[in-house]
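A.B. asks: Here is what each chain is made of, one letter per residue.
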Amino acid sequence: MAVFEAQHLHKRFGDQVVLEEINLSFEAGQLSGIMGPNGAGKTTCFNVLTGRYKPNRGKVVFEGKDITGLSPEAVVRKGISRSFQIMNLFDDYTALDNVVVALPQVRKRGFDVLHALDGHSETQDRASEILRRVGLAGREGANAKAMSYGERRALEIGVALATEPRILFVDEPTAGLGTEATAQLADLIRELKRSTTIVMIEHDMRFLFGLADQISVIHWGQVIAQGTPEELRGNKWVQRSNLGGLA
Amino acid sequence: MQAMEYDKKQTAAWITPPMLIAFAVFATLPLWIETVGLYEYLAVEVLIWVIFAMGFNLLLGYGGLPSFGHGAFFGIGAYAFGLAQFNVWANLWFCLAAAIFVTAVIGGIAALFLSHRRGIYFALMTIAVGQIFYFIASKWTTVTGGEDGMLNIKRLPVDFGLVEFSIKSNVGLYYLTFGLFVVVTLLLWRLTNSPYGRVLRAMKQNETRVAFIGYSPRLYKWSVFTLSCAIAGLAGGLFAMAQEGAYINIMSLQWSGTIVLIVLIGGGFVSFWGPLLGVIFYFVSRDVLGAYTDTWLLWFGLIFMGLVMFKPDGLAGIWRDYIGGRKAKSEQSGNPATVASGR
Ligand SMILES: Nc1ncnc2c1ncn2[C@@H]1O[C@H](COP(=O)(O)OP(=O)(O)O)[C@@H](O)[C@H]1O
Ligand SMILES: [Mg+2]
Chain A
1 MAVFEAQHLH KRFGDQVVLE EINLSFEAGQ LSGIMGPNGA GKTTCFNVLT
51 GRYKPNRGKV VFEGKDITGL SPEAVVRKGI SRSFQIMNLF DDYTALDNVV
101 VALPQVRKRG FDVLHALDGH SETQDRASEI LRRVGLAGRE GANAKAMSYG
151 ERRALEIGVA LATEPRILFV DEPTAGLGTE ATAQLADLIR ELKRSTTIVM
201 IEHDMRFLFG LADQISVIHW GQVIAQGTPE ELRGNKWVQR SNLGGLA
Chain B
1001 MQAMEYDKKQ TAAWITPPML IAFAVFATLP LWIETVGLYE YLAVEVLIWV
1051 IFAMGFNLLL GYGGLPSFGH GAFFGIGAYA FGLAQFNVWA NLWFCLAAAI
1101 FVTAVIGGIA ALFLSHRRGI YFALMTIAVG QIFYFIASKW TTVTGGEDGM
1151 LNIKRLPVDF GLVEFSIKSN VGLYYLTFGL FVVVTLLLWR LTNSPYGRVL
1201 RAMKQNETRV AFIGYSPRLY KWSVFTLSCA IAGLAGGLFA MAQEGAYINI
1251 MSLQWSGTIV LIVLIGGGFV SFWGPLLGVI FYFVSRDVLG AYTDTWLLWF
1301 GLIFMGLVMF KPDGLAGIWR DYIGGRKAKS EQSGNPATVA SGR
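Residue numbers (my numbering), protein chains in the order written: chain A, 1 to 247; chain B, 1001 to 1343.
One chain only, chain A, in its complex shape (with noise of 0.2 angstroms):
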């Protein structure tokens, strides 16, 4: 059964048309994949889908609940977490901190205003183990903003995990990575594959069609093709694209 779902989905910036119908769902327990060129609407997508936009039309549907339109903070309350394109970090916080403020037990004492949190081991462990997970063990004490651009990435991932998703959302991981940190993010995702529902976006299809259960392709503001990725490899509209690399 489909755990989320995006029905009949239409955004535009004024006139822009952005997404004119979109028609998603995702398996629980799958990766999902979805793919589509440069300014098809993929991470606007994702936007409508986590709160940041409403749509002007359609239904977003987690769990059997309609979620359409609820704020960001409201959309992660129900499990549902997102990492981010361009990235989205804490910069001037360590590793550690970027994780620990994400953490549910940090956020349900968000209104403590006397108690430190330091001395509770409990939230410090969970976020090195969460570090340790992302490949960030021994980073903890090291400043966002002056970690290298394969650490950031993989950090903005740690901070979406953080939250406890059930269902996660991940915007062109491998961006500006290099072949050996992209293997590195391919383990990854394989090891959070299997306690968690995932929705990836990426452009590297090689990354993609060995990661991913389906894959959506957007275009035009529209699913163009959908299914396993053995029977996209078929699709014109992919193998028109760089996916010949791939066979």
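These aren't lab readings, by the way, just hints derived from the structure by calculation.
It cannot be assumed that every hint is accurate.
Label pairs and their calculated CB-CB ranges [claimed, not checked]:
1. Gly1119(B) x Gln85(A): 13 to 23 angstroms
2. His203(A) x Val1308(B): 37 to 47 angstroms
3. Leu114(A) x His1116(B): 21 to 31 angstroms
4. Ser25(A) x Phe1304(B): 54 to 64 angstroms
5. Thr1142(B) x Ser71(A): 42 to 52 angstroms
6. Lys54(A) x Glu1040(B): 55 to 65 angstroms
Ideal Cβ placement from N, Cα and C applies to all residues, glycine included.
Here the structure of chain A is known, so what remains is to put chain B with the ligands in place on it, guided by the hints.
C.D. replies: Showing chain B with the ligands alone in chain A's frame:
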């Protein structure tokens, strides 16, 4: 905006060494302020403004929310104190509570219109809000006294049930203010080192991400604005007693801008103590420079520009660099004292 370098590790401590130094200096200030050529009333003024500035820095330094209309709330606190005293109950605690409460309520209503704004729009809205209250205070002469001010506000006795002491003297008022300064400092210290403080600082760095990890930026902005208004109200109430009146000039755009300058000069972006340093610097410059020249504000402005250009972290940043430099030096030379104390 500058980098944020408040103490990296949050602390569970209620009392810290810099806090003890600040308390010791201010506790003894009336004993020696005249020997350094200044006067008791200045001490009162400084400490009231320190309270105001520390509350303001919660917004500016920690939340990254520049309010250019905060003088209005200081003024509202002063009027509220006077009104409570004249019309309700001339009891010190009641009137101070009224100043805090009224200012917080009015600030909370204003914050409803501010809490979904960001950056320059937030700043512009705070100017508008400040101007609206200034306008109201200037026209509503039956209540505020308009340009003449609200006169004859009394320094009410400090009533502890069994004992009572007068604050008619500046020293008396000073020690009341000092007691409240200690309370405010302790509370703000805890707050800035709490999960709430952590979220505020996160919001300053990246409001979007704060929302996407499950916090409501609106709620945090609203609450911190309201809180800082409450503290402004307390300072305003004290100021009404200090001046024995409430005057509108404090609500002007110029004064609202001055508090921003003061906090920036002190280094509110990098230090909890920045606002305190800034206030001392401002008032001492006013009196010392002011004794030599009528154009002291020009000189003050130039100093401000110099700091912005060369030391954007303000006085607290200069202090930090100085301490850092000395530490580095003494470590190089293997000074046993510092090595043994493990910094
Ligand atoms: N907030 C916005 N306001 C106006 N136009 C936008 C906004 N966000 C995205 N767009 C437009 O929507 C189109 C799709 O952008 P995007 O969703 O980022 O594409 P993709 O992620 O597929 O590369 C682009 O033409 C972009 O300019
Ligand atoms: Mg995109």
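A.B. asks: Honestly, do Ser25(A) and Phe1304(B) meet the 54 to 64 angstroms range at C-beta?
C.D. replies: holds (59 angstroms)
A.B. asks: Is the gap between the beta carbons of Thr1142(B) and Ser71(A) within 42 to 52 angstroms?
C.D. replies: holds (44 angstroms)
A.B. asks: Go ahead and decide if the range 55 to 65 angstroms is satisfied by the Cβ distance of Lys54(A) to Glu1040(B).
C.D. replies: Given range 55 to 65 angstroms: holds, Cβ gap about 59 angstroms.
A.B. asks: Is the hinted range of 13 to 23 angstroms satisfied by the C-beta distance from Gly1119(B) to Gln85(A)?
C.D. replies: holds (22 angstroms)
A.B. asks: Determine whether the Cβ-Cβ distance between His203(A) and Val1308(B) falls within the hinted range of 37 to 47 angstroms.
C.D. replies: The hint (37 to 47 angstroms, Cβ to Cβ) holds, given that His203(A) and Val1308(B) are roughly 43 angstroms apart.
A.B. asks: Is the hinted range of 21 to 31 angstroms satisfied by the C-beta distance from Leu114(A) to His1116(B)?
C.D. replies: holds (28 angstroms)
Every hint, counting from the list given before, is met by this structure.
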